[in-house]
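Chains A and B, in that order, are what the protein sequence lines are.
Residue numbers for the first sequence follow numbering that gives the first Met the number 0, beginning at 0 and rising by one.
Residue numbers for the second sequence follow numbering that gives the first Met the number 0, beginning at 0 and rising by one.
Worth flagging that the hints you see were computed from the coordinates, not collected in a lab.
Please note that a few of the clues may not be correct.
[What the hints assert, rightly or not] The list that follows gives simulated cross-link-like pairs (lysine to any residue, SDA-like), each with its CA atoms no further than 20 Å apart:
no. : chain 1 : residue 1 : chain 2 : residue 2
1   : B       : Lys165    : A       : Val66
2   : A       : Lys188    : B       : Asp184
3   : A       : Lys136    : B       : Asn7
4   : A       : Lys25     : A       : Ser243
5   : B       : Lys165    : A       : Ser69
6   : B       : Lys69     : B       : Gln369
7   : A       : Lys108    : B       : Glu292
[Said to hold, decoys possible] Stretch by stretch, here's where chain A covers chain B in the computed footprint (C-beta under 8 Å, at least three residues):
no. : region
8   : 13-19
9   : 174-180
10  : 271-282
Note that the Cβ used here is the ideal one computed from N, Cα and C, for glycine as well.
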Amino acid sequence: MSKLTSLFNEKKHNLLSVFFTAGFPKLNDTEIIIKSLENSGVDFIEVGLPYSDPLADGPTIQHSSSVALSNGMNLDLIFNHLEALKGSVKIPLVLMGYLNQIIKYGDVKFCQRCKDCGIETVIIPDLPMIEYESHYKALFAEYNISNVFLITPQTSVERIRKIDEMSNAFIYVVASSSITGAKGEISEKQIAYFKRIEQMNLKSVLIAGFGISDKSTFNKACEYMNGAIIGSAFINYLSDNGSSTITKFVGDILD
Amino acid sequence: MSYFVDKNGYYGQFGGAFIPELLHPNVQELEDNYLKILESESFKNEFRDLLDTYVGRPTPLYLAKRLSEKFGATIYLKREDLCHTGAHKINNTIGQILVAKHLGKKRIIAETGAGQHGVATATVCALMNLECIVFMGEVDIKRQAPNVARMKMLGAKVVPATSGSKTLKDATNEAIRDWIGNPEDTYYLIGSVVGPHPYPDMVARLQSVISKEIKEQLKAQTGNENPDMVIACVGGGSNAAGAFYHYLDEEKVDLIAVEAAGLGVNSGESAATSQLGEVGVLHGSKTILMQDEFGQVTEPYSISAGLDYPGIGPLHAFLHESKRAIFMNATDQEALDAAYELTKIEGIIPALETAHALAVLHKMKFEKNQVVVINLSGRGDKDLETYIANLKDE
Ligand SMILES: Cc1ncc(COP(=O)(O)O)c(C=O)c1O
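Starting from the given sequences, assemble the full structure and let the hints guide the process.
Structure, rendered in structure tokens:
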């Protein structure tokens with residue numbers, strides 16, 4: 000059983016995940032960020048692979064990616080950092096990155112290194128379901144890697160059912176029709192959408208993301224979803240405060 | 000071998016639709032409808048009518064006598080530079096704006112490099128009374144100022160792309176991000192044979208009017224509809240796709256695609272994608288793109304904003320891999336020289352993009368009576384500043 004599945008078996012509500020871009024703000028911050036997040040009670044972590052052209056990301060994550068890349072971050076280094084942490088980090092780590100990096104790195108080598116680092120879950124925003132099925136499903140299965148699919152307010156019921164069928168980690172419920180970025184509030188329209196998804200009685204764990212930024216939006220999302228992911232707001236926090244006071248950021252959300 | 004898109008949206012291993020789930024409904028809607036629309040009588044009539052009466056088609060196929068004499072071949076120029084707005088780009092925008100109307104879209108977004116596609120999009124939006132937003136790299140806004148002014152005059156909003164290299168690739172990223180945020184009312188009017196399926200096929204079909212006319216005109220002028228060779232420049236590849244389209248299955252016709260070498264293919268300042276690129280995914284399509292050892296997209300360089308793109312359309316990636324087309328390239332200087340040359344001996348100032356296609360004449364040996372068609376994709380008005388700045392007093 001994967002670490003994520005064990006987590007979901009134990010805990011079904013208020014799951015908090017935090018996203019950060021590896022190599023930001025400093026090249027070697029991966030360890031301190033992951034350990035601080037774990038120690039402050041985050042349930043699982045998304046490690047973003049910085050990319051030159053992150054199509055689904057807003058200015059905050061774009062900026063963190065370009066800083067990380069100019070710091071010299073690359074896929075080899077990220078895997079080295081994660082491999083070094085393998086024994087000491089208990090909570091699940093999920094890799095999030097764009098497909099071109101994986102193609103260039105080599106699909107098989109990518110999977111092998113994930114396995115070496117104990118990574119069992121990936122999110123590849125520009126890998127659509129049809130391409131996943133025909134080119135990646137079998138390979139990922141061989142390495143015990145689960146792929147996370149996204150759904151949005153525009154995703155049809157039929158497609159959501161199919162995604163639910165294909166998912167064995169969680170479904171990433173994109174909270175609004177937009178790129179990533181911290182927003183103020185969760186609107187009535189978003190709540191109606193969360194309710195609609197909740198009422199579908201899907202088998203998969205539902206985690207909301209995109210625009211979840213603080214205690215209030217996190218709690219609101221958790222009324223309907225199993226948990227939520229905070230990304231841009233955390234990156235903004237790191238920009239302003241560096242990596243030494245992460246516990247405070249998480250504390251403010253969970254207290 | 001088929002050079003046309005297969006039912007899954009692929010040209011060999013290239014193509015597909017590598018898009019975030021957020022774009023799935025938009026792209027699916029287009030895929031479900033584009034062929035139905037393009038093949039409907041009402042679309043065909045409207046498209047033909049606008050091409051004839053608004054764009055100014057058919058464009059002439061001009062026998063360039065002095066150029067022919069100079070190179071010892073029979074050289075024809077397909078005069079896309081005489082299209083309304085000054086380049087082939089409008090063939091595509093007229094077609095897609097009709098598609099957008101059929102789909103009931105109210106808001107049009109586009110990316111632009113040289114500004115030609117932006118102008119062509121702003122023009123058809125003015126014509127159809129639709130809102131128009133054009134994303135353009137900050138660097139390109141500076142080097143193509145006249146086109147920025149034209150777009151604004153046409154009523155378009157020009158939004159600077161300030162991420163990455165601040166050129167065409169980044170403008171495309173910004174357009175895609177906007178589309179993600181506006182999935183219902185917005186149509187993304189892409190400017191070349193790039194992007195997720197069905198865009199490459201749709202744009203190639205709309206631009207294929209170029210080779211359809213070349214065939215008819217050559218037949219009328221020489222008795223034979225097939226030349227020995229067709230030459231076109233490739234940024235994303237739309238003018239080349241249009242000029243090659245009806246010759247793809249005529250294996251005796253050599254197809255020459257010309258990329259921008261910038262300061263030289265191996266100078267580190269180049270946009271010769273087929274020479275420098277590797278297989279990957281860019282802007283929703285599996286293709287050949289310029290990237291570093293970790294798959295980060297690298298910043299291309301060319302003096303010509305319209306060729307300053309790190310990828311090529313999937314059709315061209317396939318034509319390259321299958322060797323159906325021969326890929327050549329020209330440097331900034333070679334393109335400038337070719338532009339001055341054409342201006343002097345034929346009285347035609349070509350666009351800088353087009354000048355790359357002309358430049359390779361110097362790199363080939365012709366046999367007498369060899370028939371060569373060069374797609375003169377655009378005119379040089381927008382590049383006058385660059386031409387004047389580089390003109391050496393003689
Ligand atoms: C005159 C002209 N030719 C060629 C191009 C390159 O585009 P494509 O390769 O799609 O024809 C451009 C792009 O702006 C252009 O303006």
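Each hint, compared with the structure:
As the CA atoms of Lys165 of chain B and Val66 of chain A are separated by approximately 16 Å, the hinted pair is consistent with the 20 Å bound. A threshold of 20 Å between alpha carbons decides the hint, and for Lys188 of chain A with Asp184 of chain B the separation of about 17 Å falls inside it, so the pair holds. Proximity of Lys136 of chain A to Asn7 of chain B is assessed by CA-CA distance (about 18 Å); at most 20 Å being required, the pair is judged to hold. With a CA separation close to 12 Å, the supplied pair Lys25 of chain A and Ser243 of chain A stays within the 20 Å bound.
As the CA atoms of Lys165 of chain B and Ser69 of chain A are separated by approximately 16 Å, the hinted pair is consistent with the 20 Å bound. Between the alpha carbons of Lys69 of chain B and Gln369 of chain B the distance comes to roughly 13 Å, so the proposed pair stays at or under 20 Å and holds. Restraint check: the Cα-Cα separation between Lys108 of chain A and Glu292 of chain B comes to about 14 Å, which is no more than 20 Å; the hinted pair holds. Counting residues of the region 13-19 of chain B whose CB lies closer than 8 Å to any CB of chain A gives 5, so the stated coverage by that chain holds, three being the minimum.
A count of 4 residues in the region 174-180 of chain B with a Cβ less than 8 Å from any Cβ of chain A is obtained; the coverage claim is therefore met, three being the minimum. Counting residues of the region 271-282 of chain B whose C-beta lies closer than 8 Å to any C-beta of chain A gives 6; at least three are required, and the coverage claim holds.
Checked against the numbered hints given earlier, the structure satisfies every one of them.
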